[in-house]
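**Student:** Sequence:
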Amino acid sequence: MAYFSGLVRSTLSTVGFGGPAPGFPYHVGEPVADQDDQAIWTLHKGTKREDQSEVSIFVFNSAQHRELLPLAKNAYKRFRTIRHPNLLTFLDGVENADTIYIVTNPVLPLRQHLRDHRDDQLTLWGLYKVAQAVKFLNDDCKLVHGNLRTASVYVTLAGEWRLGGLETLCSPTEPEAIIRTYHGLLPQIQTYAPPEVRNQNWATLDNGSLDAWQLATLIYESYNQPLTSPDDLEQPGCIPVPLVRAYKQLVLPSPTARGRVAQFLTTGTRPNGFFENEFIHTNLFLENMSIKEAGEKAEFFRQLGPHVDSFPISFSVHKVLPELLKTLEFAAGGPQVLQAVLKIGQRLDEDQFVTSITPTLIRLFALPDRALRFCLLEHLGVYVTKIADRTVNDVIYPHIATGFIDAAPAIREQTVKAVLVLAPKLSKSTLQGDVVNALGRAAGDREPGIRTNALVCLGKLDNHLSNVTHRDLVGPLLVRGLRDPFPHARSAALMAVAATSSRHEAKDLTGRLLPAACSVLLDQEKVVRTQALKAVQNLLATVDKLASAMPDTAQPKTGTDAGPDRVPSEGSLQEGWSGWAVSSLSRGLTALGTNMTAAPLTHGAAQSTPTTPSLSSTAPVDVTEAKPATTRKTIPPTAAAAMKADDGNADVAGDGWDAIGDFTVDDASNWPSAAAATPGSSHTSDWDTPVTSPRQPLATFGASAAPYQTGPASTGNNGVSVKDDDFFSTGAFLPITTPKTSSLSGIKPASTLQQRREERKLKLQQHREQKLKKGGGLGAKKA
887 MAYFSGLVRS TLSTVGFGGP APGFPYHVGE PVADQDDQAI WTLHKGTKRE DQSEVSIFVF
947 NSAQHRELLP LAKNAYKRFR TIRHPNLLTF LDGVENADTI YIVTNPVLPL RQHLRDHRDD
1007 QLTLWGLYKV AQAVKFLNDD CKLVHGNLRT ASVYVTLAGE WRLGGLETLC SPTEPEAIIR
1067 TYHGLLPQIQ TYAPPEVRNQ NWATLDNGSL DAWQLATLIY ESYNQPLTSP DDLEQPGCIP
1127 VPLVRAYKQL VLPSPTARGR VAQFLTTGTR PNGFFENEFI HTNLFLENMS IKEAGEKAEF
1187 FRQLGPHVDS FPISFSVHKV LPELLKTLEF AAGGPQVLQA VLKIGQRLDE DQFVTSITPT
1247 LIRLFALPDR ALRFCLLEHL GVYVTKIADR TVNDVIYPHI ATGFIDAAPA IREQTVKAVL
1307 VLAPKLSKST LQGDVVNALG RAAGDREPGI RTNALVCLGK LDNHLSNVTH RDLVGPLLVR
1367 GLRDPFPHAR SAALMAVAAT SSRHEAKDLT GRLLPAACSV LLDQEKVVRT QALKAVQNLL
1427 ATVDKLASAM PDTAQPKTGT DAGPDRVPSE GSLQEGWSGW AVSSLSRGLT ALGTNMTAAP
1487 LTHGAAQSTP TTPSLSSTAP VDVTEAKPAT TRKTIPPTAA AAMKADDGNA DVAGDGWDAI
1547 GDFTVDDASN WPSAAAATPG SSHTSDWDTP VTSPRQPLAT FGASAAPYQT GPASTGNNGV
1607 SVKDDDFFST GAFLPITTPK TSSLSGIKPA STLQQRREER KLKLQQHREQ KLKKGGGLGA
1667 KKA
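Under this note's numbering, the letters of the sequence shown match residues 887 to 1669, in that order.
Watch out, some of these pointers could steer you wrong.
Said to hold, decoys possible - In silico DSS-like cross-links for lysine-lysine, where the CA-CA straight-line distance does not exceed 30 Å:
| hint | residue 1 | residue 2 |
| --- | --- | --- |
| 1 | 1660 | 1649 |
| 2 | 1272 | 1311 |
| 3 | 1212 | 1311 |
| 4 | 1346 | 1303 |
| 5 | 959 | 931 |
| 6 | 959 | 1015 |
| 7 | 1393 | 1272 |
| 8 | 959 | 934 |
| 9 | 1420 | 1393 |
| 10 | 1212 | 1272 |
| 11 | 1412 | 1431 |
| 12 | 934 | 1431 |
| 13 | 1272 | 1015 |
| 14 | 1015 | 1028 |
| 15 | 1393 | 1346 |
Unchecked claim - Label pairs and their computed distance ranges (CB to CB):
| hint | residue 1 | residue 2 | range |
| --- | --- | --- | --- |
| 16 | 1431 | 1285 | 22 to 32 Å |
| 17 | 1062 | 933 | 53 to 63 Å |
| 18 | 1155 | 1199 | 25 to 35 Å |
| 19 | 1651 | 1371 | 52 to 62 Å |
| 20 | 933 | 1235 | 30 to 40 Å |
| 21 | 1238 | 955 | 39 to 49 Å |
| 22 | 1216 | 1423 | 56 to 66 Å |
| 23 | 1167 | 1334 | 39 to 49 Å |
| 24 | 1404 | 1199 | 53 to 63 Å |
Hints listed in this document are in silico derivations from the structure and should not be mistaken for laboratory results. Small disclaimer: the values here were computed from a predicted structure and weren't measured. A virtual CB, placed ideally from N, CA and C, is assigned to each residue, including glycine.
Take the sequences, apply the hints, and build the full model.
**Tutor:** Dropping the structure here:
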């Protein structure tokens, strides 16, 4: 192992690994694997020290191959003096006592490329490029190459072939041409030599027959295995059929009858020739684009997009893409060029995309060209995933945001659609601030399509927004969208409501969204009705879920003792509307109750006037044993006057409450008559029986009923015992009877009272009929 390590260090030192001389602007790297043993040069990877760009460096070690030094020096001289697009691009070089360095663009040996990345389109295009280079040397420079074979051809990163191997390049008319002296020293050159050269007949060098034969060997090896003998050329093997005839012309034994390289190109470029295909046409147009007319360029770019996908990836990235980007930088080509660029960009990894395409896209977003902006927005999903989040949020989005207020509706609409693609790349502050506000403005745009798309975006972006943003911005916008005159906008709002139903607060869910969604259940458009039904079902499912998690009641648990905060019993709640109505009646007659007083009356004695509690008093119930001898049911003049006044005020039309007369009133015929109440009569009225315990009062709706005091109330005029609980338990006015004793002053005859009852009964009946005609009824709420 130590021996091999020392050998490697010695070799690297000999070839100058790491740099041939101080100040050399290139760093010599490791040699390329799979070196071609037919070449006299060792191909190394290299980098430029200034910008670390990749290069290829050909190294010739004169100490090891001293006999080949003239050939290496000739190649070095020819590379420095001859330039052609199809020759290896000479960048720099240096020659010292032991080593020669030639720096070119990054390339690989053709033999390695054919083994690893064989492609028929690139092979045919490579043959065309090499034939063009040989034609240039033979016809324009009057030179002969003499070393044309696979080992002399190299492939660029784009897959294009470049001709090298200029070791024997010279003029055949020179007296001491290097090809005559050193041609035989090239490794395995006799396998590629034509019959006349193998026979040492150099007289025909000036007509290009040597290079035509060697071009045939290159065609053979491009489609078959490496050549082992000149006899292998007699069988075309896998050479394409359109190319076979021209190939056979190049391998004719006679140098004078043999075809020339120029003839080979002419034959191939004829209509329907073997060089006539879309791939070669594209390459030729790109190479001559600077001299093409504007109309020709527009037509070319229009047809380029569909064919880009069929091109080899290396060629598209390293050859087509740079030309297209150069065109875009000069604001030429328009959307057609951009579409082709983005198609190629899809085949790049993230690093390549950021390096080659992203800078151009940023410049294009800043341009005021609406056609380019529309194309950029339309294909945003193709490339935005390959750009860093920070670049999208800080650099690209500010340019895109200007489209929300653009004068062109197409730009505004495409900008709204682009938000969905940009959302994963934007920061939370941008999403919940600029983006939501912009979508809110778009939801009120005058174009219905823009409004619809804005609502769709709001529904899909809701998961990226905070609860506060959803509550304050998204919810109101969706409710407003349900009232949009455009049917598809309403449908989009309903879909958004259904998609976001789980995020709404309970009060918004039942107070705003459900009523708004229910309002379009019978929309005139079927698509809206369908979406409305789905939305309502989703909302109701959410409501059911929330309701199932709620407690049975919000009231705190209390004891069974009666009190102001006691919850009404089941029996009182079943009273329904009648309980509510009786409570309303009791409140209407509070004034009457406050003026009615009663006290035990002793005949012929003076009467005092004690303080009397009102009917609405909430004092504890005082149940006492009434005394029949001293308690009489009668009514004082003040109470009669109050009832007379109440006859005209009890049922005021239009007061918003139901008529008091709607409740059942006992027939007057069943009431005790005045004749039966005369002094000395043996008739005893049912009303004279004192009440020993109060009846349970009816509870009002929604609140517990307070007990009323039922003890006898004293009056200043008559000995009348009025039991308040009898009034509320019967639901009607208390019946009024005259005492069984002798007539008292101030009491009207029974016939007058009976007449008044009849009048009141008739008035109540008329009022009830009017209410029924107007459509009113019991249970109407007070306005």
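**Student:** Where does the structure disagree with the numbered hints, that is, which hint numbers, in rising order?
**Tutor:** Violated hints (numbers, rising): 7, 12, 13, 16, 17, 20; every other hint is consistent with the structure.
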